[in-house]
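Which chain is which? The protein sequence lines are A and B, in order. Under this note's numbering, the first residue of the first sequence carries the number 1, and numbering increases by one thereafter. Under this note's numbering, the first residue of the second sequence carries the number 1, and numbering increases by one thereafter.
Be a bit skeptical, because a hint or two may be false.
[What the hints assert, rightly or not] Beta-carbon label-pair distances, calculated as ranges: (1) A/41 - B/388: 58 to 64 Å; (2) B/283 - A/22: 19 to 25 Å; (3) B/281 - A/41: 39 to 45 Å.
Calculated from the structure, these hints are not laboratory results. Heads up, the beta-carbon is just placed ideally off N, CA and C, and yes, glycines get one too.
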Amino acid sequence: MRLLVIEDDPLIARSLDQALTPLGNIVEVFTHHAQAREALQSGHFDLVLLDLGLPDGNGLTLLAELRQRGDTTPVLILTARDGIDDRVEGLDLGADDYLAKPFSLAELEARVRALLRRSQQRVDNRLAFGALTFDATSGVATLYEQVLDLPRRELLLLEGLMLHAGSITPREALENRLFGYGDVGPNALEVYISRLRKRLEGSGLRIRTFRGLGYRLEEVSS
Amino acid sequence: MIEVEGTLKSRLAIWLLATVSALGVLLLAEAYFSSQRAAERAYDSQLEAAALTIAEAVQWEAGQPVVEIPSAALQILATRHQERVFYAVLDADGQTVSGNLDLDIAPEWRRRASSQPIWLNDAYHGTQWRLYGRELDSAGWETQDPVQIWVGHTMTGRESLTEVLFEHAVTRFVIMVLLAGVLMLLAMRVALAPLRRLRQQLRRRDADDMQPLDTRVPEEMREMAETLDSLFTRQRQGREALLRFTADASHQLKTPLAGLQTTSELALKSDSPDAWRQALVEVHGSAERTSRLASQLLSMARLRHAVEANATARIDALALLHETAFDWAQRDAAQAHDIGLASLPASPQYIQGEAWALRELLGNLIDNALRYTPPGSVITLGVVSHAQTLELYIEDDGPGVSPEVMAHLHHPFERGGRQDTEGSGLGLAIVDSIVRRHEARMQVESAEKGGLRVRLFFPYLTQHEQG
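For reference, chain B alone in the conformation it holds in the complex (with noise of 0.2 Å):
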C-alpha cells in the first residue's frame, strides 16, 4: 500500500524556507541597525561641521564674545528635509550671546560640552533634538572666557535616510531569497532527473518483463535500483517454476484423462456387457485417480502462491494429530488398514504454523501410507518430544523403499520406483513444501518392522513463546 506524503520539493522548500526566515530575522534587524548608524553618522558630522563654521565666526571685542552667523553654517544645518534648525553661542556664563530659540542648554550639558565635544538627543516642544556642542577655546588672546557653541536639528532627516538605507537592504535581501529559491528549483530539477529518468523506464516495461534494470543511478539511489533488480529475479523465477509446473501438471492430468477416453471410446464400440462392465471398473478408477491428482495439484498451487500472507498460529500438535488421524480412520479408504496412534505425551505441545496446511501434511502422508501398503498394515501416527524440536512421525509395516529410492522421494511425480500403484507421486513433494514453509526438517527412515516411518522435526515454541 503505497502513501503519498508530500512531496520532496515541498520538503526541501519547507526547510529553506525555516531557515531562510530565520537567518532572515536576523539580518534585517542588523541591516536595520546599521541603516541607523550610518544615518547618525552622516548628519552628525553636519552638525560638528555647523558647529565649526561658527566657531570661526566669533570675535571678540572688549573680552565680550561677538558673533555674527555665518548662513553657510545655516546652510548645513538646513537639511532638505525642511527641518528645523537650533543655533546657540553661549558665554561663560551660559548667557546666551546669539541663537535663535530658547531651547535650555542644562548647566550639565554645558560641564560635559567644556571638557570635550559631546551629541545629545533631547525633546523640545514634543519634538525629537539632536544637538551638538563644543567648547571654543580662545587661543591667541588674553584672559578670554571660553564660549560654548550648540548647534542642533531635528529628526526627520536622519530618519528618512535610515529609511532609504534598511529598504535598499531589505531589496537586495529579497532578490537574493528569490534567487536562493529558483536556484534550489533548477539543482532539484537536476538532483531528482535519474528518479524520473528510472520511473520512465519502469513505466515503460512490458507487464511480463523481468530483465535487470539498464540505467545509470547516482550512488544514492543503487540500492534501491538493486532491490528492484532482486525483485525482478526473483518474479522471473517464481514465473518461470509456475510454467514448468503448470507444464507438468497438464502433462500429469492428460495422462489419466488419456485413459479415460479410449477405455470409453472402445466399451461403446463393443457389444459385449462384460466389456462395458470392465470399462466401467477402469473407468470409475481413473476417474478417481485423476480428482485426487487435480485436489493435490490445487495443494500444491496454493503452497506455491507465495503472496498469500503468512497467517501461522500458535497450534497444539497434538490435537492436530488427533483430529487429522480420527477423521482419516473413518474413511472408506482407511477401512482395511489399521490406523492408529502412539500413546502422546500428556499436555499439549505447541508449534507455530498454519492449521490448514498441517493437516493437508499428515493427510498427505497417511494417504501415502494408506496407498503403499497392502491391506492389514498397522500404520501409527506418534509425538516425540526432544530438546529442541518436537517429532511428529508416521510408520507402517509395509514393504518399504530401498535407499537409493528414498533420496529422491520428495521430488514431484516420484513415485518410489513402483508403477504398479496408482498415484501421481505428488503426496511427499507437497509434504516437502510444508516442510520448508514451517522451517521444520523431514527424515525419511525405515521402520524397525521394515517399513517406511517419516520423522518431520518442528521447531519447538520456548515456554516464553507459548505464554
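The shape of chain A in the complex, shown without the other chains (with noise of 0.2 Å):
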C-alpha cells in the first residue's frame, strides 16, 4: 500500500514512517501542503494521514480539494486540537476517521490498517478478516477456505459484523440489517450472535459483545 503523510513536526513524522513501512507499506511524508497536493495530483495513493495544523495552510482545505476533484481516498486526519467542531467539521468534509494528538503507535496502526482494508473491500467488493471472508455479490462466506452453509439471517448478521471488522458495528445496525425496522425483543439478536459464535470456535475470531453498544468482530489475540 501507497501511504501520504502530511506532517510538519520531524519527530512524529519519523515515528509514523518507522511505525507504517514494517506493516508493508510504502510511506512518503511531505511537510508542506503544496508539496502534498502537487503529489496527489500526480499519484495514486491508498491512504492519506493529513495534518491539520501545517505553516502553508490549513489541512481541511486540502481535504475540500481532493474531495471536490471526486478523488475518495481515505484520509486520516490528525491533530492536536481536539476540538469536537473540526472533528465535525473534518468528517463532514469526507475525512474518514479522526485521531487527536497525542495517539499510541497501537491505536494509529489499528485505524490505518480498518481503513486500508475498508479501501480494498470497496475495490474487490469481498470482506476478508483472519480466516474469514465473505464474497458480497454471491454472497457466499468461508472459512480457512471452507464453505460456510450458513441461514439467511446469520449470513447477514455475519456480513454486517465483518463490514465493520475489528470495530464496533452498533447493535441497532445488526437488528434493522436482521429483523428490518419492526419492534423485536431484546434478545433476538443475542440469539443469532450466540449461533454464530458456536461456528467459529477455534476459528481464531470471536465476537465480543459491548453491553448496550453492538459487537465487535475481533481476533482472539487482541
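Dock the two chains into a complex; use the hints.
Structure, rendered in C-alpha cells:
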C-alpha cells in the first residue's frame, strides 16, 4: 500500500514512517501542503494521513479540494486540536477518521489497518477478516477456505460484523439488518449472535459483546 | 458593544428648545395683542381729548351752533406720523356745521353716539380710519338741540406704536432665552462634573488595578459606581483564581517533566541496553501521563474561560451518552475493561447544555473509572428519569473509595488518597466544574457491588421547552 503522510513535526513524521513501513507500506512524507497537493494530483495513494496545522495553510482546505476532485482516497486526520467542532468539520468534509494528538502508535496502526481494509473491500467487493471471507456479490462466506453453510439471517449478521471488523458494529445497525425496522425483542439478536459464536469457535475469531452498544468481530489474540 | 447615541447636552437642549418654542409662540402672540391694545388705548384717549377741546369751542348763536375749531384740537389730532385727520361738528339734523372732510357719518352711528360716546373703525378712500363720536349736551341754554362732534385719524401712528412695543417684547424674550441657554450649559457642566471625575479616575487606572473606586458621586450615580466596584471585585477574584490555577498547573506539569529529564539522563549515562529499555518504558509512560495532564489542563482552562458565550443547546442525553460510551469502548485504553450501557429509556431525554462540555464530562468519568479499577472491571453507564431531574450515572465494580476521601474527590489534584495510580486528580475537578456550569448536581456514592457510582442530576427540560 502507498501511504501519504502530511506532517511538519519531524519527530512525529519519522515515527509514522517507522511504524507504518514495517506493515508493508510505502510511506511518503511531506511537510508542506503545497508539495502534498502536487503529489496527490500526480500519483495514486491508498491512504492519506493529514495533519491539520501546517505552516502553509489549513489541512481542511486540502481535504476539501481532494473531495471536490472526486478523489475518494481514504483520509485520516491527525491533529493536536481535539475540539469537537474541528472533528465534525473534518468528517463533514469527507475525512474517513480522526485521531487526536497525542496518540499511541498501536491505536494509529489499528485505524490505518481498518481504513486500508475498507478501501480494499471497496475495490474488490470482497470482505476478509482473519480466516473469514465474505463475497458480497455471491453471498458466499468461507472459513479457512471452507464454504460456511449459513441460514440467511446468520449470513446477514456475519456480513454486518465483517463490514465493521475490528471496530464495534452498533446493535441498532445489526437489528435493522436482520429484522428490518420493526420492533424486536431485546434477545432476538443475542440468539443469532450466540449461534454464530458457536460456528466461529476455534477459528481464531470471536464476537465480543459491548453491553448496550454493539458487537465486535475481533481476533482472539488481540 | 458601546453605541454612542447623541449627547446628554443635545438631549437637554432639544427638550429645552421644544418647550421654549411652544411657550414662546404663546408668549409672543400675547405680547403682540397687548402691544396692540396699549397703542389703541393711547391713541383713543388722544381722540377723546381732541373731541372735548372742540366741544368746549362750540357756541350758540340764535339757536344755531357755531364753532371755531381750536388749533389745540388739531394739534392733538395730528400725531408726528404725518397722519391725516378728520373732524366734524354735526347739528341735530346731521348737517355739518363745520368739518374738513366729506366723510359720511352714517345715521346709525349718530343714533349710537347720542346715547354714549363711541369708537369706530371705518374705511374711507381706501384707508383705515379710527373715528370717535360724542354728543354735546347744551346744558345751561334753553331749547338747544344737541350737536355731535366726530374726530378721527388714520392708523399709521397706532401701527407703528404697536410695532415698537412688540419689538421691545421680542427683544426681552430673546435675551431671556439666550440667558436660559447659557445657564443650562453651566448647570450641566456642574451636574456632569461627577461623571467627568469618574471617567478621569477610570482612565488613569492601570490595566491590572482592580481596587475599589475612591470617588465622590451623587445619589443618582451610586448604583453605577457600585456596579463598577463589584465588576472590579469579580475581575480581581477571577484573576487571582487564574494565577492560582496557573501556579498549580505549572507545578503539576513540572513533576512529570522532571521525571522524564532524570530518567533519560540516567539512561544516557548507562551502557546497559536493559537499563535503556527500562528507562524508555518509564519515559513512554510518563509522556503519556503528561500529555493527558496537558489536555486536562486545557479543558480546565476552557471551562474557566468565563467570557466564552454560553452556547447551550437542547441535547438528547441518551444519544450523547451512547455516542460517548461507543467512542470510549473502541479505545485502546478500554480493551481490558467491560464498558457498557444499562438499558436506556425508549424515548429521547432532553437537557439543556453544551455538547462538548458534556462529552468532556462523561469522558473524564469513564477515563477515571478505567484508571482506578483493575482490568476486567465492569463499567456501566445509564440514565434514570426522575420527576424533576434526569440522572446520568456511571458505576464500576472496582475497589471504591473510603467515605472520608469521597468528600474531597472533586478538589483539583486530589487522587482519592492514592498515589499508586497515574493521573493528576484533575478529572473530577473538571467534572465538578461542568456540573456546576449546567446547574446540575453530582453525587458520589458506593455502588452495590462495592465500586464507585457517580450520579449526575440534570434539570429536566419541561414538555413546553422541549417542543
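| field | Unmet hints by their number, sorted upward, for this structure | value | none
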